[in-house]
Amino acid sequence: MRSKLLALGVLAASGIAMARAPAQAQPAAPSQITIGELYASSGPYASISMPVYNAFKMWVDETNAKGGVQMQAFGNKRIPIKLIAYDDQSSTATAATLYNQLITQDHVDLLIADSGSVLTSVGVPIAREHKQFLFDVSGTGAAFFSDDNPYIALMADPVSTIWPHYISDYLNDEGYKEGIRTVAILYSTNDFTGTQAAALKGFFERDKKVKVVYYQGVPTNTSNYTVLINNIAAQNPDAVLELGYVGNDIAFLRNLQDSGNQFRFVFTIYGGTEKEEIEKNVGVSAVANTFSYVPASNYEYKPEIGMTQTEFRAAWEKKYPSGSGVAFGANAIYGYMTGLVIQRTLETTKSLDQMAIHDAVFALSGKLKTLDGTFELRKDGAQIGEVTPLGQLQPAGKDDLKLVAVYPPDLANGKAVLGK
Amino acid sequence: MLIGAVIAGIFFGLYFTLVGLGLNLVFGVMRIVNLAHGDVLMLGGVAAWALFTSLGLHPLVSAVLVLVVFLVAGLPVYYAVVPRLLRSRDSEMLSLILFFGLSQMIEAVTTISIGATERSLPPRLMGVGPIILFGTRLPKAWFYSAAASAIAVLAVYFYLYRTRLGTLTRAVMVSRDEALATGIDVNMVSAVAFGISLALAGIAGVFAPFIMGSITPNMGVAINLTAFAVIVVGTLGNPLGTLLGGIIYGVSLMLMQTYLSSWANLLPNLLLIGVLLIRPEGLLGRKVRRA
Numbered sequence: 001m002r003s004k005l006l007a008l009g010v011l012a013a014s015g016i017a018m019a020r021a022p023a024q025a026q027p028a029a030p031s032q033i034t035i036g037e038l039y040a041s042s043g044p045y046a047s048i049s050m051p052v053y054n055a056f057k058m059w060v061d062e063t064n065a066k067g068g069v070q071m072q073a074f075g076n077k078r079i080p081i082k083l084i085a086y087d088d089q090s091s092t093a094t095a096a097t098l099y100n101q102l103i104t105q106d107h108v109d110l111l112i113a114d115s116g117s118v119l120t121s122v123g124v125p126i127a128r129e130h131k132q133f134l135f136d137v138s139g140t141g142a143a144f145f146s147d148d149n150p151y152i153a154l155m156a157d158p159v160s161t162i163w164p165h166y167i168s169d170y171l172n173d174e175g176y177k178e179g180i181r182t183v184a185i186l187y188s189t190n191d192f193t194g195t196q197a198a199a200l201k202g203f204f205e206r207d208k209k210v211k212v213v214y215y216q217g218v219p220t221n222t223s224n225y226t227v228l229i230n231n232i233a234a235q236n237p238d239a240v241l242e243l244g245y246v247g248n249d250i251a252f253l254r255n256l257q258d259s260g261n262q263f264r265f266v267f268t269i270y271g272g273t274e275k276e277e278i279e280k281n282v283g284v285s286a287v288a289n290t291f292s293y294v295p296a297s298n299y300e301y302k303p304e305i306g307m308t309q310t311e312f313r314a315a316w317e318k319k320y321p322s323g324s325g326v327a328f329g330a331n332a333i334y335g336y337m338t339g340l341v342i343q344r345t346l347e348t349t350k351s352l353d354q355m356a357i358h359d360a361v362f363a364l365s366g367k368l369k370t371l372d373g374t375f376e377l378r379k380d381g382a383q384i385g386e387v388t389p390l391g392q393l394q395p396a397g398k399d400d401l402k403l404v405a406v407y408p409p410d411l412a413n414g415k416a417v418l419g420k
Numbered sequence: 001m002l003i004g005a006v007i008a009g010i011f012f013g014l015y016f017t018l019v020g021l022g023l024n025l026v027f028g029v030m031r032i033v034n035l036a037h038g039d040v041l042m043l044g045g046v047a048a049w050a051l052f053t054s055l056g057l058h059p060l061v062s063a064v065l066v067l068v069v070f071l072v073a074g075l076p077v078y079y080a081v082v083p084r085l086l087r088s089r090d091s092e093m094l095s096l097i098l099f100f101g102l103s104q105m106i107e108a109v110t111t112i113s114i115g116a117t118e119r120s121l122p123p124r125l126m127g128v129g130p131i132i133l134f135g136t137r138l139p140k141a142w143f144y145s146a147a148a149s150a151i152a153v154l155a156v157y158f159y160l161y162r163t164r165l166g167t168l169t170r171a172v173m174v175s176r177d178e179a180l181a182t183g184i185d186v187n188m189v190s191a192v193a194f195g196i197s198l199a200l201a202g203i204a205g206v207f208a209p210f211i212m213g214s215i216t217p218n219m220g221v222a223i224n225l226t227a228f229a230v231i232v233v234g235t236l237g238n239p240l241g242t243l244l245g246g247i248i249y250g251v252s253l254m255l256m257q258t259y260l261s262s263w264a265n266l267l268p269n270l271l272l273i274g275v276l277l278i279r280p281e282g283l284l285g286r287k288v289r290r291a
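From first to last, the protein sequence lines are chains A and B.
When we follow the working numbering, the leftmost residue of the first sequence carries the number 1, and every step to the right adds one.
When we follow the working numbering, the leftmost residue of the second sequence carries the number 1, and every step to the right adds one.
Heads up, a few of these hints could be off.
Derived DEER-like restraints, expressed as beta-carbon distance ranges [as the list claims (entries may be wrong)]: (1) A:Glu317 <-> B:Arg124: 27 to 35 Å; (2) A:Asp399 <-> B:Ile273: 45 to 53 Å; (3) B:Asn269 <-> A:Glu317: 40 to 48 Å; (4) A:Lys319 <-> B:Thr53: 36 to 44 Å; (5) B:Ala108 <-> A:Thr97: 14 to 22 Å; (6) B:Leu165 <-> A:Lys319: 47 to 55 Å; (7) B:Ile3 <-> A:Glu276: 23 to 31 Å; (8) B:Ile3 <-> A:Ile84: 50 to 58 Å; (9) A:Ile305 <-> B:Ser262: 40 to 48 Å.
Don't read these hints as lab results, they were simulated from the structure.
Since the model is a prediction, treat every value here as computed from it, not as a measurement.
In this text, a Cβ means the ideal position worked out from N, Cα and C, and glycines have one as well.
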């Protein structure tokens, strides 16, 4: 009897041990996931950085309200997010110090770059050196991505070389039929716009239809374009493409209207991308009929995760009502969308090891549809899923403009109207 | 393109004369460098924006209000800050630190109050369409700002050379100690000059949205650098030399934008380095800096 009891005890003990074995192999769940992020509350990039930061905070709050992210790696336990965010004040030098601090002092689990190519550019080599995966929200400079760097993925914008191809396609196709023969390209000398300008010049030279008659770079802090516009007008181009950040586009569009010069086709990046911000500063008449990219904020994608654009906008306006200083626009969507990618990454990653994070992010490629469109990565981490249709800000009633997608034809919901 | 750049540069430079005029007046009278000058300019722009959005005031009306308010506000600010600064052993150097701190404070408070993004005024307020001068198209706002600058230069000239207070101010500019010894109320004279300086910066700020497209809380630092280049070129401590410095800056910038646009933002630094190496007393040659 005693031997039977002993045998049963041994069996029971071994059964319990076997049942516990997988749990013991699983690493202990951390009390929180720390995410490090930079933002710019002041300086020339504040207007593209603060919407990203505010929207990302919305995702953090929403997630923590549910108890955190449910992570398979830790037995489907919900783990809350702790956000450590520093203000780089639009300074690359400060940003470099803070990226280092987030990695080496705060030991964050996940690292998010500040918005835009300029403030991301300093984070790319630092993250790579420390083998820390960088969630690059909207730093689209082509030089950031290479096959030998697995520590980066672009979240919300296509890489800069992809952005402008619909502009050149339109001008070489429908524009050419309408008599567009010459183009002037004026760009700010930074990774984001410099890459786009070089890509555009290459497209036009390759296709040999529309001729580039003016190609000049200006410092990103340029705040007056009057003489530059007069110089462009002296070349008499049919189309003018101004590639700059928000402050550049505001100054350019105001100066263009003030100068009285008119061109058949005028393009700015932020006329559509940050439509409210631009309209507020330059007025409806100065931006009417200009062309721009159609961002996710003006295009209703059907998300398979997270809020729809309408729901997100309502939540945004509840949290950041008009007059709060940060306008709703594409960058707000980029911030929220980055949160959704991180959510899925954390849910599916095998561990918090940075290469496991890399694998989890890349496993989402082509399978994740958010309010920003399809998330798809090239093998070097460049974003290629999301598209940037060409749009035109067409009058819609008194003192209002509607951003109409005009190219490519399969994405168009209106027809372009060229100036005479 | 050359003639266009020169004409545009003269008008643009006149605006920067207005920007630098007050900074130079303060240095001339008090031998201190107001590194918050650009931030005061920004506050002038914010005031014009706030007055337009809340009361619908035209910026030219706002300019008059800003002139009065900033002039009056300058008096207590002077008495709170400058006399103590001037009693220190190296007031010129300490002023850099103190006003840098003030600059950061103004920027931070403004950012908290109105946000970090761009603010502007509708271009139509200064008239739509260009004025064409020798074939060069210039915004109407440039003429208004150039006119405001010309009026400011003339007013400062009139104040310095045609009023009793101006005579006393020039006496303080020559030697603060000797002026004090002769019984001049140096603090009162300096306080008025400080108020005028803030008022000039404020008026320049009202025109800033039309010249620079928009205003942001952080614009002060860049403005300071440019204003400093303008007054060093024109001669530190000589308010009227600012006119020369402003025009040289404006014309050089427009020429750079025309022929070497990518390098245009180097211009203030190049002008500063060039003048300090070749003619450190400034182009008008009046030696006012202490060794």
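May I ask which of the numbered hints given earlier this structure violates, with the numbers listed in increasing order?
4 and 7
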